[in-house]
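In order, the protein sequences belong to chains A and B. Just so you know, numbering that gives the first Met the number 0 puts 308 at position 309 of the first sequence, and the rest follows in order with no gaps. Just so you know, numbering that gives the first Met the number 0 puts 52 at position 53 of the second sequence, and the rest follows in order with no gaps.
Please note: incorrect hints may appear among the correct ones.
Here are some chain A residues pointing at chain B (derived, C-beta under 8 Å) [as the list claims (entries may be wrong)]:
1. ALA24
2. TYR30
3. TRP55
4. GLN57
5. MET262
6. ASP332
Across the chosen pairs, the derived CB separations fall in these ranges [claimed, not checked]:
7. GLY265/A / GLU312/B: 33 to 43 Å
8. THR141/A / LEU110/B: 35 to 45 Å
9. GLY84/B / VAL42/A: 35 to 45 Å
Everything labelled a hint here was simulated from the structure, so no lab data went into it. For glycine and all other residues, C-beta sits at the position ideal for the given N, C-alpha and C.
Number of protein chains: 2
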Amino acid sequence: MTGMQSNTLDAADPLAAFRARFIEAPDVVAYLDGNSLGRPLQVSIDALTEGATTAWAQRLIRSWDDGWIELPVTLGDRIAEAALGAAPGQTVVGDSTTVLLYKQVRAALALRPDRDELIVAVDDFPTDRYVLEGIAAERGATLRWIPSGDVSPDAVAALLGTRTAVVVLSHIAYRSGAIADVPAITALAHDVGALVIWDLSHSVGAFPIQLDEWDVDLAVGCSYKYLCGGPGAPAFAYVASRHLDEIRQPIQGWLGGAEPFAMGPGYRPGPGIRRMLSGTPPILSLLALGPAVDTVAEAGIERIREKSIALTEHAIGLADELLPDAILATPRDARRRGGHVTLDHPDFEAIMPKLWERGVIPDFRRPTGIRLGLSPLSTSFAEVESGIRAIAEELSEV
Amino acid sequence: MTGMQSNTLDAADPLAAFRARFIEAPDVVAYLDGNSLGRPLQVSIDALTEGATTAWAQRLIRSWDDGWIELPVTLGDRIAEAALGAAPGQTVVGDSTTVLLYKQVRAALALRPDRDELIVAVDDFPTDRYVLEGIAAERGATLRWIPSGDVSPDAVAALLGTRTAVVVLSHIAYRSGAIADVPAITALAHDVGALVIWDLSHSVGAFPIQLDEWDVDLAVGCSYKYLCGGPGAPAFAYVASRHLDEIRQPIQGWLGGAEPFAMGPGYRPGPGIRRMLSGTPPILSLLALGPAVDTVAEAGIERIREKSIALTEHAIGLADELLPDAILATPRDARRRGGHVTLDHPDFEAIMPKLWERGVIPDFRRPTGIRLGLSPLSTSFAEVESGIRAIAEELSEV
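Just need the whole structure built from these sequences, with the hints factored in.
Below, the structure written as C-alpha cells:
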C-alpha cells in the first residue's frame with residue numbers, strides 16, 4: 000500500500016520532470032545523500048565541458064575579460080536571487096565554506112572590537128566549531144556554547160549579553176535537520192548590539208531563505224549540497240549592504256582589492272562585496288555551478304520546499320512503519336525540519352557497507368545515525384521508499 | 000633567416016611532440032601568456048569529464064572513499080616529485096595561492112613567536128604583498144621591504160637580523176622573470192634563525208626546483224600557470240617534514256583535522272601535511288590538474304628548463320632584432336631568468352587590443368610592459384617569432 004502511495008506521490012509531483020535533467024547513475028537504487036553531495040545536472044556537465052574546451056582552451060586568458068573576473072559576483076547574485084532572498088551586490092562565490100567562514104567571523108569581530116564573546120552550538124558542524132575555536136584562541140575571545148539540542152531563541156538569549164560580538168549558527172542542523180528561527184535569533188542578537196553569521200550549508204537550495212527580510216548581517220553556505228555544484232564546489236558569502244563599506248576581512252588578496260590589475264603598492268579593499276574575495280577562484284567549478292543555480296530558480300524555492308516537506312514526511316511515515324526500532328532524531332513537525340531526516344539505531348553502522356553495495360546510499364553520522372538527504376529536484380518518492388525498505392531488510396538480517 | 004631558424008629550432012626540439020597534446024585554439028596565432036593561464040591538455044579535459052560523469056555522477060558520495068579524501072595529499076606528492084624536488088608527505092593541494100600563503104605566513108610566524116619582522120620585496124606580486132600587509136597589521140609585525148630591483152642575497156642580508164621571523168619571497172619575479180637564489184637566501188635566513196617561505200608560482204613546472212636540497216622551510220605555488228591545471232585551479236603548499244609536527248595554521252577546518260568523520264569536539268590537527276587543509280577542496284579541479292602534473296613528469300623538468308632557456312633566448316634575440324626600441328626588463332643572462340620575458344615600450348599598452356584581436360596573446364603589465372610567458376610544453380619557436388613579428392608590425396603602425 001505504501002508502494003502505491005509512492006507512485007501516486009510521484010505522479011502528482013509538479014517537480015517530477017526535473018529528475019530527468021540529472022545524469023543517471025545506473026547502479027544506484029536510491030541516492031539519499033543529496034545533502035552531502037548533490038547529483039550533477041546535465042546542464043552543469045555541459046557548462047563544465049564548454050568552459051574547459053571553449054572558454055579555457057580557445058579564449059584562454061581573454062576569458063577573464065569575457066566575464067570570468069566578474070563571475071564570483073554575478074554568480075553570487077544568481078544564488079542570492081534563486082535561493083537567499085537577497086538583493087544583488089551582497090553575495091560572492093569563492094573559497095571553501097571553511098575559509099569563507101573564517102573570513103566572515105574575523106570580519107564580524109572587527110566590526111565589534113569592544114566585545115569578546117562568540118556564541119556557537121555544541122551540535123554545530125565540526126568545521127564551524129573548529130574555525131571558531133581557532134579564532135577564539137588567536138583573538139583572545141571566549142566561546143559561549145549552546146548545549147546539545149535545538150538551537151532555540153531561548154537557548155541563544157540565555158547566552159547573549161553586552162559582551163557578545165557575534166552569534167555563529169547553522170540555519171539547519173547538519174545532523175538533526177532542525178531549523179533554527181533565524182529572524183527571531185537575529186533580532187535577539189541585534190537587541191544586545193551583536194552581529195549574526197548564519198551558515199546556510201544545509202538549507203540553501205532546499206528551504207526559502209530571506210536574508211534581507213530577516214535582517215541577517217553575514218552568511219556563508221555550501222554549493223555542493225542542494226545547489227548541486229559538484230564535489231568541493233566553492234562556497235558563497237553574504238554581507239548585508241549596510242556593512243559593506245565598513246567590513247574588512249583578513250586574507251587580503253589581489254582579486255579582492257580595489258584595482259587588481261593596477262598591481263600597485265598598498266592593499267585597498269575592492270568595491271562592495273568583492274572585498275570578501277582573496278585569490279583566484281576555481282573558475283570551472285563556478286561555471287558548473289551556474290546552471291545548477293538557475294535550475295533552482297526555475298523550479299522555484301517555494302515549490303522545492305513543498306516537495307522537500309512531502310519527501311521528509313514520506314520518509315518519516317515509512318520509517319514509522321518499516322523501522323519501528325529506529326529513533327527519529329529529526330523534528331516530526333514539518334515546520335521545524337529541513338530537507339533531511341536522521342534516524343538512529345545501534346545496528347545502522349553495521350549495515351552501511353551493505354546498503355552502499357546494493358546502491359542504496361544514505362549517509363552515516365556517528366554514533367548511530369543514518370541520515371537521509373532528500374534533494375527535492377533529484378529524489379523521487381519511490382526512491383525514498385526503496386531506500387527505507389532496503390534499510391529495513393538489511394536490519395532484519397543483522 | 001630568423002624564420003628558418005625558428006623552424007630549425009622546432010625541428011630539433013625534443014619536446015616538440017608535447018604540443019599536439021594541448022587542445023588547439025584555431026584563432027590563436029601565438030599564445031604567449033602561459034605564465035598567466037596555461038593551455039589545457041586533452042588528458043586534463045578527459046579527466047575533468049570522466050571525473051564529472053563517472054566519479055561525481057555515478058559513484059557520487061562513494062568517490063570520497065574511492066580516493067577523493069586522499070587526493071589533496073596524493074596529488075601534492077605527484078607535484079612534489081614532478082616539479083618540486085620534494086620527498087612525499089610534504090605537499091598538499093587546496094585553496095587559492097593567496098589563502099595558502101596566508102596560512103603559511105601565519106603558521107611560520109607562530110613558529111617564531113619571539114620575533115616580529117617579515118622580509119618582503121617591493122616588486123613582489125600584489126597578493127603576496129597584500130597578504131603580508133594584512134598579517135603585519137593584525138599581528139603587530141613589521142614589514143622590512145627589499146627595494147625595487149633584483150632580490151639578491153645581499154639585498155636580503157641587509158635586512159636580516161635577530162628580529163626576522165620569516166622571509167617571504169618569490170622564486171621567480173612575476174614581472175622581470177629574474178630568479179632569486181633560493182639556497183643562498185634560505186641559508187642566510189637560517190643563519191639568523193629565521194624561516195623562509197618561497198612563492199613558486201612563476202617557477203613551478205618551468206624550472207627545476209629542489210626544495211628539500213635547498214633546505215626550504217615552507218613554499219606555496221600556483222597550479223594554473225606552467226602546471227596547466229585550469230583557471231583558478233587550486234594551489235599547493237609545501238612544509239618541510241622537520242616542521243610538520245609543530246606547525247599549526249589558523250583556518251581550522253574539518254578536512255585538516257585528525258578525524259574528519261568523527262566530528263568530535265575540539266579541533267586536533269591532522270597527521271602530517273594534511274593539517275594545512277581547511278575545507279573541502281574543489282575536487283574536479285584537482286582531477287584536471289593530475290594528468291597535467293604527470294605530463295610535466297613525463298617530459299622531465301630538466302628538459303623543460305632546457306627548452307625554456309631556448310625559448311626565452313629566441314625571444315630575446317628576436318626582440319633585439321625586431322623591437323630595437325623596446326627595453327628588456329628581464330635578465331639577459333639565461334642563468335638568471337625564468338620562463339618569461341618582459342619588454343617595456345611606451346606604446347605597448349596601445350597595441351595590446353590589436354594584438355589580442357589578431358590572436359597574438361601576450362600579457363600586459365603596467366606601466367609599459369609586454370610579458371611573454373613561454374610555456375615550454377605548449378609553445379613553439381615559430382609561435383614566438385610570429386608573436387614578436389606581430390608586436391613589431393603593430394608598433395610600426397602606432
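Given a cut of 8 Å on the nearest C-beta pair, is the interface hint for ALA24/A held or broken against chain B? Constraint on ALA24/A satisfied, holds at 5 Å.
Given a cut of 8 Å on the nearest C-beta pair, is the interface hint for ASP332/A held or broken against chain B? violated, 26 Å
Note whether the CB distance of GLY265/A and GLU312/B lies within 33 to 43 Å or breaks it. holds, 37 Å
State, for the Cβ atoms of THR141/A and LEU110/B, whether the hinted interval 35 to 45 Å holds or is violated. With a Cβ separation near 26 Å, THR141/A and LEU110/B fall outside 35 to 45 Å, so the hint is violated.
Can MET262/A be said to touch chain B, with a Cβ gap under 8 Å? holds, 5 Å
Assessment of proposed distance window 35 to 45 Å (beta carbons of GLY84/B, VAL42/A): holds, 43 Å
GLN57/A as chain B interface residue, shortest Cβ-Cβ below 8 Å: Holds - the Cβ of GLN57/A comes within 8 Å of chain B, reaching about 5 Å at its closest.
For the hint on TYR30/A, does the least C-beta distance to chain B fall short of 8 Å? Where the cut-off is 8 Å and the nearest Cβ of chain B is about 6 Å from TYR30/A, the hint holds.
Have a go at the TRP55/A hint: is there a Cβ in chain B nearer than 8 Å to its own Cβ? Hint on TRP55/A: holds, closest Cβ of chain B at ~5 Å, below 8 Å.
Of the numbered hints listed earlier, those contradicted by the structure are 6 and 8.
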